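Novice: Here is what each chain is made of, one letter per residue.
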Amino acid sequence: MNWKKFFFAFIAAFGFMFLFGFLWYAKLMHGAHQEVPILWRTEADFGNHFSSLVFGHVVMAFFLTLLYARFVPAGGAGVCAMLGILVALIYSGADLITFAVQPLTAKILCGWIAGHLIQFTIAGAMIGAIYKTDSRTTT
Amino acid sequence: MKRFILAFIAAYIFIFFWGWLLNGVFLKDVYAQTPNLWRPQSEMMSLFHWIVIGQALIVFAFVMIYASGFSGGGVMAGIGLGVLLEIAAIGMRLGFYAVQPFPGKLIFYGSASGLIEMIIVGAIVGAIYKPAPARTSG
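Protein chains in written order, with our numbering: chain G, 18 to 156; chain A, 319 to 456.
None of these hints come from the bench; they were simulated from the model. Computed from a predicted model, the values in this text were never measured in an experiment. Every residue gets a Cβ at the ideal spot worked out from N, C-alpha and C, and that includes glycine. Certain hints may be false.
Said to hold, decoys possible - Now the in silico label distances, taken between C-beta atoms and shown as ranges:
hint, chain 1, residue 1, chain 2, residue 2, range
1, A, D347, G, K21, 46 to 52 Å
2, G, M18, A, P419, 35 to 41 Å
3, A, G342, G, R58, 25 to 31 Å
Said to hold, decoys possible - Here are some, though not all, of the chain G residues that point toward chain A, as calculated from beta-carbon distances under 7 Å:
hint, residue
4, M18
5, H66
6, M77
7, L83
8, L106
9, I107
Stated by the list, open to error - Chain G residues, not near chain A, derived (Cβ > 10 Å throughout):
hint, residue
10, L45
11, T122
12, G128
Based on the sequences and whatever the hints tell you, model everything.
Specialist: So this is what it looks like as structure tokens:
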């Protein structure tokens with residue numbers, strides 16, 4: 018494994034996932050989330066836990082990059098985007114379970130599922146595109 | 319295809335009973351500390367089919383990923399895949415912890431049990447699913 022390329026892929030995945038998460042879940046879905054305010058931390062409390070959000074994204078991006086690198090060592094945006102769709106299905110399954118046990122609205126559920134599909138497909142394509150260069154330079 | 323279906327069914331049965339044992343029995347008291355975050359029991363039961371579908375989707379995607387890129391490695395490859403996916407999911411869980419007022423121990427127990435769950439799911443899928451032998455011409 019070329020750790021230099023891995024590092025670039027990880028940074029790109031982290032940057033994209035964090036930015037997308039902010040735009041999609043915090044901005045675009047803000048109104049939908051506010052329909053069930055009891056489920057969320059207050060602004061001040063969220064600020065106290067912000068480091069968990071950042072660290073969670075670092076962990077997620079690192080291990081997803083590792084998964085993509087092991088899954089498709091040769092890289093490739095298309096194949097890794099397909100893997101991204103499958104990973105998104107896992108998270109969507111978890112969303113359905115959450116919907117059954119927490120008082121989420123159908124709008125929130127649909128938004129989360131769509132968000133995961135877009136997020137992991139694009140993240141996969143980015144990682145695969147960066148990792149593709151790796152296989153060309155090392156073989 | 320037959321082994322794909324067998325792996326899916328075996329992993330699904332495990333994940334269903336593990337989920338029930340963990341969330342319905344062991345962590346019941348922890349969930350009870352934050353009643354505002356959960357639907358009432360009767361409401362959950364009316365939406366139970368979403369739990370069944372959600373678990374099926376998770377297992378289906380897991381077996382698909384394993385069959386597509388990890389199936390040559392057997393049980394160890396299945397466990398490796400389970401560990402990678404679950405640690406990434408722990409990252410997601412930490413994100414939820416930042417925005418929802420879950421007790422910290424619920425995140426800890428959920429993550430630890432999730433890791434055990436995915437290791438066992440990976441072992442089950444790795445033990446059952448075998449790639450189709452390569453066809454030879456002539």
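Novice: Taking the hints in turn, state whether each one holds.
Specialist: Hint check:
| no. | hint | in the structure |
| --- | --- | --- |
| 1 | A:D347 x G:K21: 46 to 52 Å | 48 Å, holds |
| 2 | G:M18 x A:P419: 35 to 41 Å | 39 Å, holds |
| 3 | A:G342 x G:R58: 25 to 31 Å | 26 Å, holds |
| 4 | M18 | 14 Å, violated |
| 5 | H66 | 4 Å, holds |
| 6 | M77 | 3 Å, holds |
| 7 | L83 | 6 Å, holds |
| 8 | L106 | 4 Å, holds |
| 9 | I107 | 5 Å, holds |
| 10 | L45 | 15 Å, holds |
| 11 | T122 | 12 Å, holds |
| 12 | G128 | 14 Å, holds |
Consistency with the previously given hints fails for number 4 only.
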